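**Q** Chains as they are written, first to last, in the working numbering: chain A, 1 to 263; chain B, 1 to 263.
One or more hints might be untrue.
All copies of an identical chain are treated as equivalent in the list; a pair is satisfied when it fits inside any one copy or across any two copies.
Below 20 Å or equal to it, Euclidean Cα-Cα: the simulated SDA-like pairs (lysine to any residue) are [what the hints assert, rightly or not]:
#1 K13 x M1
#2 K13 x T58
#3 K39 x A25
#4 K93 x G150
#5 K93 x I192
#6 K13 x M54
#7 K13 x G51
#8 K13 x H61
#9 K13 x S3
#10 K13 x V218
#11 K13 x E2
#12 K13 x V244
#13 K13 x A69
Calculated directly from the structure, the hints in this document are not laboratory data. Values in this document were obtained by computation on a predicted structure and should not be read as measured data.
So you can see what is in the structure, the chains are spelled out below.
Number of protein chains: 2
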Amino acid sequence: MESMVRHLHEAIKEVRITPAEWMEAITFLTRTGQISDNKRQEFILLSDVLGVSMLVDTLAHDTTSGATANTVLGPFHVSDAPHYANGADIRLKQTGEAMWVAGGVRDTEGRPVAGANLDVWQADDSGFYDVQRPNDLPEWNLRGQFTTDGNGHYDFITSKPLHYPIPSDGPVGDLLNALDRPFIRPAHLHFIVTADGYAPVITHYFDDRCPYLQYDPVLGVKSSLLTRFEPNVEHSGSAKSDSVKWTARCDFVLARGGDDPSA
Amino acid sequence: MESMVRHLHEAIKEVRITPAEWMEAITFLTRTGQISDNKRQEFILLSDVLGVSMLVDTLAHDTTSGATANTVLGPFHVSDAPHYANGADIRLKQTGEAMWVAGGVRDTEGRPVAGANLDVWQADDSGFYDVQRPNDLPEWNLRGQFTTDGNGHYDFITSKPLHYPIPSDGPVGDLLNALDRPFIRPAHLHFIVTADGYAPVITHYFDDRCPYLQYDPVLGVKSSLLTRFEPNVEHSGSAKSDSVKWTARCDFVLARGGDDPSA
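All chains should be built: construct the whole structure from the sequences, respecting the hints.
**A** Written out as structure tokens, the structure is:
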């Protein structure tokens, strides 16, 4: 609190906040709390767009361990997604273009990690998560949990995700508008990768050709988290299908240590 | 925003805020917004207890003008209080000990300001404003507006105010408890003094013998805003009464300039 209050006072003195600006800030913060409920957390969104979430995440993780980099959890994760066998199709509504996602989980010495859990979720080809369109999209659409095999491999079929805007109808939207800041998150897949004895990784893989990569409003992009959504590539695996138009490889490295990144 | 975000990041890095602490802060800010409504503004209270309100006020006012110092408006002001003639009794419920409040309004050259408006409000002898106890206390209890006479004088009868706790049943109360900070505001009278051609003064006068003077949770006390609540002093004025046990002198100086301190 001492540090927070000191820096808050320094900022106010630096720009000589006026009483009218102060009142605007009070109103903004109040609206940010009042629009939040158990399905929407506008203060987390504010933290995201101010780069606070990424900063806290960076401070919490040892970036020298060799593990896959973390990025923001985001507001759309839902716990206890269905467990599927590798190769399963997580499209509960068949829209967009099918994409095969496959990869391996290894430790920092390059050894496969068998039995690792991958919790995956993403937006659809229109940029919507199931929870945003409960009337149109089946519950658990484009969500699932997978377990790596004895070689540390996993794979599944999904829909190629689209970039999408963060919620802009609240105070955070007003703030970004006032600052002329963009709203569009580049296309990505979410992953939480866990395995006994390893530090969890909460991250995304981004479409490295997405035109919005450089303007992520929540500042979540890291160069190590880019992957190519390859068109029409022959693939071998448990989910071959002529109708699968894209392939994305998403590999992960876990570091030893059982620490919970949320603690 | 650039300054605010830079200082916010500096504070987070300085103390290495953990994800759990970050989540605690998100929850705290959300609750602070959600408990606020048109009768309670918890973010203003938060600003008050962090010294932000006083800092913004200090930056907004020329403290070298010779005018009476400002202090926090507080959450209990109600606009359009009844207008009374000088000497009137603003106790709509007869509780506590009567106090005669009198003084003059002058300009920075010492000349009386006739026709100045004084908007006054205060807590009662139990520490409550009318708006806090709408079932027990009449509306406009211990509130009123007065106009200075040709000599710049005003006076009225009121109830000697008691110190009182700031609201402690919300997130700000939890914060002060966690920091072992006191809750009690020292006894005071509120004034807004306005006159055409002068900068308004929003201030308090504090009981200079109140034991809580040094621990004002909103940091509103200034040495120039202390006055003595004198017992049993003979007074001359329009409101003589043997039943008036106390006298408080509250003088004001206005500086030229029509600027609105709230702008």
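**Q** All hints, please: hold or fail.
**A** Hint by hint, here is what the structure shows:
For the identical chains of this complex, K13 and M1 are neighbours both inside a copy (18 Å) and across copies (13 Å), given an alpha-carbon limit of 20 Å. For the homomeric pair K13 and T58, the shortest alpha-carbon distance between copies (10 Å) is at most 20 Å, but the shortest distance inside one copy (29 Å) is not. In this assembly of identical chains, K39 and A25 lie within 20 Å of each other by CA distance solely across copies; the values are 18 Å between and 24 Å within a copy. In this assembly of identical chains, the alpha carbons of K93 and G150 never lie at most 20 Å apart, being 31 Å within a copy and 82 Å across copies at closest.
In this assembly of identical chains, K93 and I192 lie within 20 Å of each other by CA distance neither inside one copy nor across copies; the values are 23 Å within and 64 Å between. Taking the closest pair of Cα atoms, K13 and M54 come within 20 Å of each other only across two copies (12 Å); inside a single copy the shortest separation is 27 Å, beyond that limit. Within a single copy, K13 and G51 get their C-alpha atoms only as close as 22 Å, which misses the 20 Å cut-off; across copies the closest is 12 Å, which meets it. When the C-alpha separation of K13 and H61 is checked against a cutoff of 20 Å, the pair qualifies only between copies, where the shortest distance is 13 Å, while the shortest distance within a copy is 33 Å.
Taking the closest pair of Cα atoms, K13 and S3 come within 20 Å of each other both inside a single copy (15 Å) and across two copies (10 Å). Taking the shortest alpha-carbon separations for K13 and V218, only the inter-copy value of 18 Å comes in at or below 20 Å, while the best intra-copy value is 27 Å. In the homo-oligomer, the alpha carbons of K13 and E2 lie at most 20 Å apart both inside one protomer (16 Å) and across protomers (13 Å), since each shortest distance falls under that limit. Within a single copy, K13 and V244 get their C-alpha atoms no closer than 58 Å, and across copies no closer than 45 Å, so neither meets the 20 Å cut-off.
In this homomeric assembly, K13 and A69 come within 20 Å of each other (Cα to Cα) only across copies, at 19 Å, whereas the closest approach inside a single copy is 37 Å.
The structure shown violates the earlier hints numbered 4, 5 and 12.
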